[in-house]
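A.B. asks: As a plain string of letters, each chain reads:
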Amino acid sequence: MAEDKNNVVLLDFWPSSYGMRVKIALQEKGVSYECRQEDFDAKSSLLLEMNPIHKTIPVLIHNDKPICESLNIVEYIDEVWSHKTTSLLPSDPYKRSQARFWGNYIDKNVYSKGKKVWNGKVMEEKEESQKQFIECLKILEEELGDKPYFGGDEFGYVDVALVPFTSWFYTYETLGNLSIEEFVPKLVSWTKRCMEKESVAKSLPHPHKIYGFALEYREKHGHD
Amino acid sequence: MEDKPSEVVLFGSWYSPYTSRVALALKLKGIPFKYVEENLSNKSELLLKYNPTHKKVPVLLHNGMPICESLIILEYIDEVWNHAPKLLPEDPYQRARVRFWANYTDQKIMPASYPILLLKGEEKQKAIEDMEEMQRVLEEGIKQDFPEQFSFFNGNTMGLLDIVMGVNSYNYKAFHEVTNSEIIGPKNPKIFMWVNAMKEHPLMKDTLPPHDKVVAMLKSMIAPTPDV
Chain L
20 MAEDKNNVVL LDFWPSSYGM RVKIALQEKG VSYECRQEDF DAKSSLLLEM
70 NPIHKTIPVL IHNDKPICES LNIVEYIDEV WSHKTTSLLP SDPYKRSQAR
120 FWGNYIDKNV YSKGKKVWNG KVMEEKEESQ KQFIECLKIL EEELGDKPYF
170 GGDEFGYVDV ALVPFTSWFY TYETLGNLSI EEFVPKLVSW TKRCMEKESV
220 AKSLPHPHKI YGFALEYREK HGHD
Chain W
2 MEDKPSEVVL FGSWYSPYTS RVALALKLKG IPFKYVEENL SNKSELLLKY
52 NPTHKKVPVL LHNGMPICES LIILEYIDEV WNHAPKLLPE DPYQRARVRF
102 WANYTDQKIM PASYPILLLK GEEKQKAIED MEEMQRVLEE GIKQDFPEQF
152 SFFNGNTMGL LDIVMGVNSY NYKAFHEVTN SEIIGPKNPK IFMWVNAMKE
202 HPLMKDTLPP HDKVVAMLKS MIAPTPDV
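Protein chains in written order, with my numbering: chain L, 20 to 243; chain W, 2 to 229.
It is worth saying that the hints were derived from the structure and are not from the lab.
Among the clues, some could well be false.
20 Å max Cα-Cα, derived SDA-like pairs, lysine to any residue [to be verified]:
#  : chain 1 : residue 1 : chain 2 : residue 2
1  : L       : LYS150    : W       : HIS55
2  : L       : LYS74     : W       : GLY142
3  : W       : LYS57     : L       : TYR113
4  : W       : LYS57     : L       : ILE158
5  : L       : LYS84     : W       : VAL138
6  : L       : LYS114    : W       : PRO53
7  : W       : LYS30     : L       : TYR113
8  : W       : LYS206    : W       : SER14
9  : L       : LYS127    : W       : MET111
10 : W       : LYS109    : L       : THR75
11 : L       : LYS127    : L       : VAL99
12 : L       : LYS127    : L       : LYS84
13 : L       : LYS114    : W       : ASP79
14 : W       : LYS56     : L       : GLU154
15 : L       : LYS74     : W       : VAL9
16 : L       : LYS74     : W       : ILE110
17 : W       : LYS144    : L       : PRO71
18 : W       : LYS87     : W       : VAL138
19 : L       : LYS132    : W       : GLN108
Some chain W residues well away from chain L (every beta-carbon gap over 10 Å; in silico) [what the hints assert, rightly or not]:
#  : residue
20 : ILE73
21 : ALA85
22 : LYS214
These numbers come from a predicted model, not from an experiment.
Even glycine gets a Cβ: it sits at the ideal position worked out from N, Cα and C.
Start from the sequences, fold in the hints, and give me the full structure.
C.D. replies: Here it is, written out as structure tokens:
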């Protein structure tokens, strides 16, 4: 039975790493969906209706019901379309708990520390921001170890959680004046491996596009 | 003597609601466990070994393997000991809403109590108003998402959201007394009724610290204890 594309709608903002997570998950499961871009200066009435609490993207609307918060959405997709391809989350409860732990760690650290690197305003804090960001990536690289993916042999939940931020690496490096590969070469290899997957390649914007967005954002928000 | 690997150990702190959540879940499921009280100003080597990333309680140790972060631990418990009572609903959409409100509590409501405790005057008043608004949002949201299941009393079992909400609000009277506020009250009738019903659950009384101990702890957070 063909799925009605209109049953699955994603409210997105294209530079958002959180939105990219959902796109990757939907692609992995082969789910057709309609993607609607939100303008943060003029949020649509649909977004405000579907996520009145946080008013943020991504929001997945499935059969008119909203699911918010990207990792929540990824779990939901994994549960609802469990019959399609392999699971994003492992089946073993302990491994699931570890995957969720690292998803949570990525949520708490990567975006906020990364933003201080590309959008940091105070020169004195720049070195500290860089140090903290690299430290966070090193912790993640240690978790990856010698595995091809965070999920082991298979691309999974933690890979989905982290890989979108790699579209921002060029921006972090250029605006933050640092070389990520120098500090976390294994993580950079992992990035290239992930980009060979169709779901990832199709869901991540080109790093130069992200860079252009970051420059516009800085100008708009009064960066030196 | 070494602990048996299949033993369940909970590293926690008596005044940490995150710890109490896990203790309550284990008791609800009838899982025997050993409890280790951590001194958070002098963390044990075991805690630092089992939670090197965050160095926090609670940590659940099962089969010698650590699980950290209270909400993640609750889901782990529900999956491993998947007998009744189930902590999460079966339906994926309902599960997503439970997770949403649990995250809302952790990201918004839990941190909001500190400004009320620590600030004074107008800033404190603003913090109280912010918290009241969050409680209102929570009440409206839960009413909408779980219309027939709002109050888990009358013989119904406690689920993840009850554990999170119930533990957080159990000693609301102590919080009100110390901060001279009324966060949980008839203004949010459904939550008020729900919290009061949960307070009566025997496992809650068995798990949560008593009023006077919490009052003393909250007071010590406002006024640092003098050097002795």
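A.B. asks: Given the hint that LYS114 (chain L) pairs with ASP79 (chain W), test it: the Cα-Cα distance must not exceed 20 Å.
C.D. replies: Holds: LYS114 (chain L) and ASP79 (chain W) sit about 14 Å apart, inside 20 Å.
A.B. asks: Taking only the CA atoms, is the gap from LYS30 (chain W) to TYR113 (chain L) under or equal to 20 Å?
C.D. replies: 18 Å, holds
A.B. asks: Next pair to validate is LYS109 (chain W) with THR75 (chain L); report whether the Cα-Cα distance is within 20 Å.
C.D. replies: Holds: LYS109 (chain W) and THR75 (chain L) sit about 15 Å apart, inside 20 Å.
A.B. asks: Hinted pair, alpha-carbon criterion (20 Å max): LYS114 (chain L), PRO53 (chain W). Please report holds or violated.
C.D. replies: 18 Å, holds
A.B. asks: Given the hint that LYS56 (chain W) pairs with GLU154 (chain L), does the C-alpha gap stay at or below 20 Å?
C.D. replies: 16 Å, holds
A.B. asks: When you check the alpha-carbon spacing of LYS206 (chain W) and SER14 (chain W), does it fall within 20 Å?
C.D. replies: The hint holds at about 17 Å.
A.B. asks: With the threshold set at 20 Å, check whether the alpha-carbon distance from LYS57 (chain W) to ILE158 (chain L) stays at or below it.
C.D. replies: Roughly 17 Å separates the two Cα atoms, so the pair holds.
A.B. asks: Can we confirm that no CB of chain L comes within 10 Å of the CB of ALA85 (chain W)?
C.D. replies: 17 Å, holds
A.B. asks: Holds or violated: are the alpha carbons of LYS127 (chain L) and MET111 (chain W) at most 20 Å from each other?
C.D. replies: 16 Å, holds
A.B. asks: Within 20 Å, alpha carbon to alpha carbon, are LYS74 (chain L) and VAL9 (chain W)?
C.D. replies: Violated: LYS74 (chain L) and VAL9 (chain W) sit about 40 Å apart, past 20 Å.
A.B. asks: Please work out if LYS127 (chain L) and VAL99 (chain L) have their alpha carbons no farther apart than 20 Å.
C.D. replies: 26 Å, violated
A.B. asks: Going straight from one Cα to the other, do LYS127 (chain L) and LYS84 (chain L) come out at no more than 20 Å?
C.D. replies: Outside the cut-off at roughly 27 Å; violated.
Comparing the model with each earlier hint shows violations of hints 11, 12, 15, 18, 20; every other hint is respected.
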